[in-house]
Amino acid sequence: MIYHHIALNTILPPLTYSHTAEIPLGSRVLVKLRGKTQIGIVWANQVQADIDVNKILPIIQVFDDFRLPENWRELIQFTSRYYHYPVGQTVFTALPSLLKENKAIELPEAPTFYTLNAVGKTQTPPPKNHAKKLAIWHALLSGSLNLAALKKIHPKARDFIQEYEQLGWLESSTLATPPIPPSQHILNAEQAAAAAAVKSHLFEYKTFLLHGITGSGKTEVYFDIMADVLARGKQVLFLLPEINLTPQLLTRVAQRFPDMPTAVLHSQTAAGARGRDYLRAMLGQAKLVIGTRLSVFTPMADLGLVVVDEEHDNSFKQDNELRYHARDLAVWRARQAACPIVLGSATPSLETWHKAQSGAYQLLTLSNRANELAQLPEISVLDVRRVPLDNGFSPQVLQLLKENFKNGGLSLVYLNRRGFAPALFCADCGHTFGCPNCSAKMVLHQRARQLRCHHCDFRQPVPHSCAECGNQDLTAVGQGTQRVEETLKNALPHAKIARVDRDSTSRKTDWADLYAQIAANELDVLVGTQMLAKGHDFARLNLVVVLNADGSLFSSDFRAPERLFAELMQVSGRAGRAEHRGRVLIQTRLPEHEIFQAIKAQDFVLFAEHELAQRQLFNLPPFGFQAAIRADALKMSEAIDFLNEIRDVIAPLLPKNVWQMGAVAMLMARLAERERAQIFVESADRAALHRALGLWEQVLAQYRDGKIRWHIDVDYQEM
Numbered sequence: 001m002i003y004h005h006i007a008l009n010t011i012l013p014p015l016t017y018s019h020t021a022e023i024p025l026g027s028r029v030l031v032k033l034r035g036k037t038q039i040g041i042v043w044a045n046q047v048q049a050d051i052d053v054n055k056i057l058p059i060i061q062v063f064d065d066f067r068l069p070e071n072w073r074e075l076i077q078f079t080s081r082y083y084h085y086p087v088g089q090t091v092f093t094a095l096p097s098l099l100k101e102n103k104a105i106e107l108p109e110a111p112t113f114y115t116l117n118a119v120g121k122t123q124t125p126p127p128k129n130h131a132k133k134l135a136i137w138h139a140l141l142s143g144s145l146n147l148a149a150l151k152k153i154h155p156k157a158r159d160f161i162q163e164y165e166q167l168g169w170l171e172s173s174t175l176a177t178p179p180i181p182p183s184q185h186i187l188n189a190e191q192a193a194a195a196a197a198v199k200s201h202l203f204e205y206k207t208f209l210l211h212g213i214t215g216s217g218k219t220e221v222y223f224d225i226m227a228d229v230l231a232r233g234k235q236v237l238f239l240l241p242e243i244n245l246t247p248q249l250l251t252r253v254a255q256r257f258p259d260m261p262t263a264v265l266h267s268q269t270a271a272g273a274r275g276r277d278y279l280r281a282m283l284g285q286a287k288l289v290i291g292t293r294l295s296v297f298t299p300m301a302d303l304g305l306v307v308v309d310e311e312h313d314n315s316f317k318q319d320n321e322l323r324y325h326a327r328d329l330a331v332w333r334a335r336q337a338a339c340p341i342v343l344g345s346a347t348p349s350l351e352t353w354h355k356a357q358s359g360a361y362q363l364l365t366l367s368n369r370a371n372e373l374a375q376l377p378e379i380s381v382l383d384v385r386r387v388p389l390d391n392g393f394s395p396q397v398l399q400l401l402k403e404n405f406k407n408g409g410l411s412l413v414y415l416n417r418r419g420f421a422p423a424l425f426c427a428d429c430g431h432t433f434g435c436p437n438c439s440a441k442m443v444l445h446q447r448a449r450q451l452r453c454h455h456c457d458f459r460q461p462v463p464h465s466c467a468e469c470g471n472q473d474l475t476a477v478g479q480g481t482q483r484v485e486e487t488l489k490n491a492l493p494h495a496k497i498a499r500v501d502r503d504s505t506s507r508k509t510d511w512a513d514l515y516a517q518i519a520a521n522e523l524d525v526l527v528g529t530q531m532l533a534k535g536h537d538f539a540r541l542n543l544v545v546v547l548n549a550d551g552s553l554f555s556s557d558f559r560a561p562e563r564l565f566a567e568l569m570q571v572s573g574r575a576g577r578a579e580h581r582g583r584v585l586i587q588t589r590l591p592e593h594e595i596f597q598a599i600k601a602q603d604f605v606l607f608a609e610h611e612l613a614q615r616q617l618f619n620l621p622p623f624g625f626q627a628a629i630r631a632d633a634l635k636m637s638e639a640i641d642f643l644n645e646i647r648d649v650i651a652p653l654l655p656k657n658v659w660q661m662g663a664v665a666m667l668m669a670r671l672a673e674r675e676r677a678q679i680f681v682e683s684a685d686r687a688a689l690h691r692a693l694g695l696w697e698q699v700l701a702q703y704r705d706g707k708i709r710w711h712i713d714v715d716y717q718e719m
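With the UniProt record's numbering applied, the sequence shown has no gaps in its numbers, which climb one by one up to 719 at the end.
Bear in mind the hints are in silico, worked out from the structure with no lab data behind them.
Don't take every hint at face value.
[Unchecked claim] Derived PhoX-like pairs: lysine-lysine, alpha-carbon spacing no greater than 25 Å straight-line:
no.: 1; residue 1: Lys121; residue 2: Lys156
no.: 2; residue 1: Lys489; residue 2: Lys406
no.: 3; residue 1: Lys32; residue 2: Lys100
no.: 4; residue 1: Lys206; residue 2: Lys100
no.: 5; residue 1: Lys36; residue 2: Lys55
Note that the structure is predicted; figures quoted are calculated from it, not measured.
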């Protein structure tokens with residue numbers, strides 16, 4: 001018998017199973033674990049039996065449909081090690097559901113690309129009065145196209161292909177790259193210089209930060225580099241933070257790379273399609289892979305370029321189970337593949353900016369808007385400390401919105417809080433309605449007549465009276481997007497207003513419908529959350545109003561100022577992207593705060609220098625490295641005692657340059673009926689931090705009893 005280590009979807013390390021023959025690494029197999037049949041991946045073969053051979057179970061079935069490649073397994077091994085997460089569970093996080101099924105998988109058939117061979121090129125082309133047949137001929141003459149692309153030229157393309165094949169005029173291949181038409185966009189000097197810098201390192205690892213102001217044309221720089229990489233037959237991995245940005249990007253990709261085999265991977269992709277695209281990428285059939293954070297695990301046969309758009313965005317960090325950061329793994333993948341990676345942002349993360357300033361990354365700057373006629377918006381900060389507000393609106397803002405509507409402009413009112421109001425309040429006794437499962441207030445959703453928890457999704461009908469004193473006069477406190485929308489409808493009764501938040505864009509077609517309405521000039525005012533702040537380019541949008549900009553400045557999370565600055569810069573950048581200069585008005589009760597001064601000056605460097613100086617004082621990232629050890633239990637005291645007990649066990653074994661604090665409640669102390677506590681572990685030495693986390697992991701693994709759940713969050717983004 002030959003023994004193999006099999007990675008399974010379990011907290012256990014790869015387990016030993018036997019087979020009569022050696023099975024190639026990366027193969028899928030069926031085994032039994034605790035009496036249940038499970039799919040597994042061969043992680044090691046020809047291993048020594050580490051237990052009594054009589055107790056080693058046989059492998060039930062070997063699937064020979066495909067093998068997960070070595071570089072993919074190396075990525076999984078690194079991810080498991082760095083984020084201190086079981087390797088088997090890491091494997092099954094990275095695999096699409098199709099590949100986890102207990103059955104053989106039919107591999108996608110590689111499309112065949114056709115071009116005229118040497119004999120075909122000497123033939124007389126079809127006469128001009130056969131226009132479509134002549135167009136097919138010229139297409140085959142200019143480069144390799146598959147049948148789908150040829151059918152766009154002539155629906156009967158298959159007949160011509162069969163005819164030319166019989167005449168011996170064609171050569172075919174499943175590995176060819178379709179021709180890329182020349183760009184309709186001429187890069188300006190800054191864009192051209194940035195693209196040239198990356199293209200001079202196409203066959204080596206190098207990380208570039210493309211720091212471009214909003215509207216500077218970062219996407220066109222990406223496309224110019226991608227065209228070079230794709231033309232060489234290499235693959236491109238393009239990561240973006242939000243699903244709602246995908247349709248707009250795909251439209252631009254289809255225009256720039258019309259016949260390029262593309263895989264689109266995000267959580268709203270149907271499971272079967274996602275699995276097939278995953279395999280197409282692994283087999284080298286899909287040359288361009290576009291997706292959200294989980295796409296970073298897509299195996300690619302010949303990776304030549306990685307692009308991470310809006311690299312600063314918090315959406316790249318997974319916040320449950322395997323808590324990986326897709327941007328950081330993308331950098332690791334580029335190093336592994338010896339190819340360049342471009343991180344793009346108008347407001348880079350301070351970790352990335354620091355690396356660019358220190359020379360670890362190469363900084364490329366786009367300081368002007370791509371449209372020469374487009375100007376940066378005029379940004380004003382309005383002090384509303386002594387101004388009476390109408391559901392969050394100052395009189396000045398309402399007047400501006402009315403004038404812009406009258407003049408035919410498109411306005412955006414930005415408030416990063418969905419629902420009607422953040423809380424329901426009893427004016428008599430002061431009672432507010434909290435979630436029974438979480439330490440959070442229930443948000444009023446007026447149209448649904450519900451109170452909802454935005455953390456655990458608990459819902460209940462709006463109460464008729466106060467639970468404490470019986471008072472029926474309940475007051476909605478604060479503003480959400482629904483309340484803002486209602487206020488605007490009263491103030492602008494003839495304007496066409498659209499609310500854009502998670503509640504209004506839950507269906508697959510909602511974004512496409514919104515884009516169509518904006519393109520047709522059917523909307524006058526957009527009311528939106530963070531969904532509208534990034535990546536969108538609405539030419540008519542010339543006024544942006546930001547309500548309640550101060551909220552996050554009161555947070556104890558040291559990253560809150562960075563997130564607020566990025567949020568405000570991104571939403572400000574939506575204004576005035578065409579020929580007319582836009583205007584941005586930010587309402588605040590803290591007008592002197594340095595964030596608003598930097599926003600007003602539209603100066604990221606000013607903000608970054610101030611914030612980095614603050615962080616250096618306390619050895620916060622990027623000057624130090626952090627992890628959080630978190631536990632949840634039915635009672636807070638149980639979670640805190642659990643963490644402190646292990647801290648005391650580990651303390652004598654810790655490296656001297658690692659610091660750990662006592663357990664404290666998380667900012668969201670209660671979630672889904674569980675009380676949550678955490679301990680922070682910090683060090684200026686990344687390797688020392690991971691040695692300490694390894695100790696934590698060993699001791700934590702011995703405390704599994706089901707009553708207390710724990711996890712390790714490396715490079716945590718939320719407190």
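Evaluation of the provided hints:
For the hint linking Lys121 to Lys156, the alpha-carbon distance of about 21 Å falls within 25 Å, and the restraint holds. Between the alpha carbons of Lys489 and Lys406 the distance comes to roughly 15 Å, so the proposed pair stays at or under 25 Å and holds. For the hint pairing Lys32 with Lys100, the CA-to-CA distance comes to about 15 Å; that is within 25 Å, so the pair holds. The hinted pair formed by Lys206 and Lys100 fails the criterion: a straight-line CA distance of about 34 Å is larger than 25 Å.
At roughly 16 Å between alpha-carbon atoms, Lys36 and Lys55 fall within 25 Å of each other, so this suggested pair holds.
Figure legend: structure checked against the earlier numbered hints; the only hint not met is number 4.
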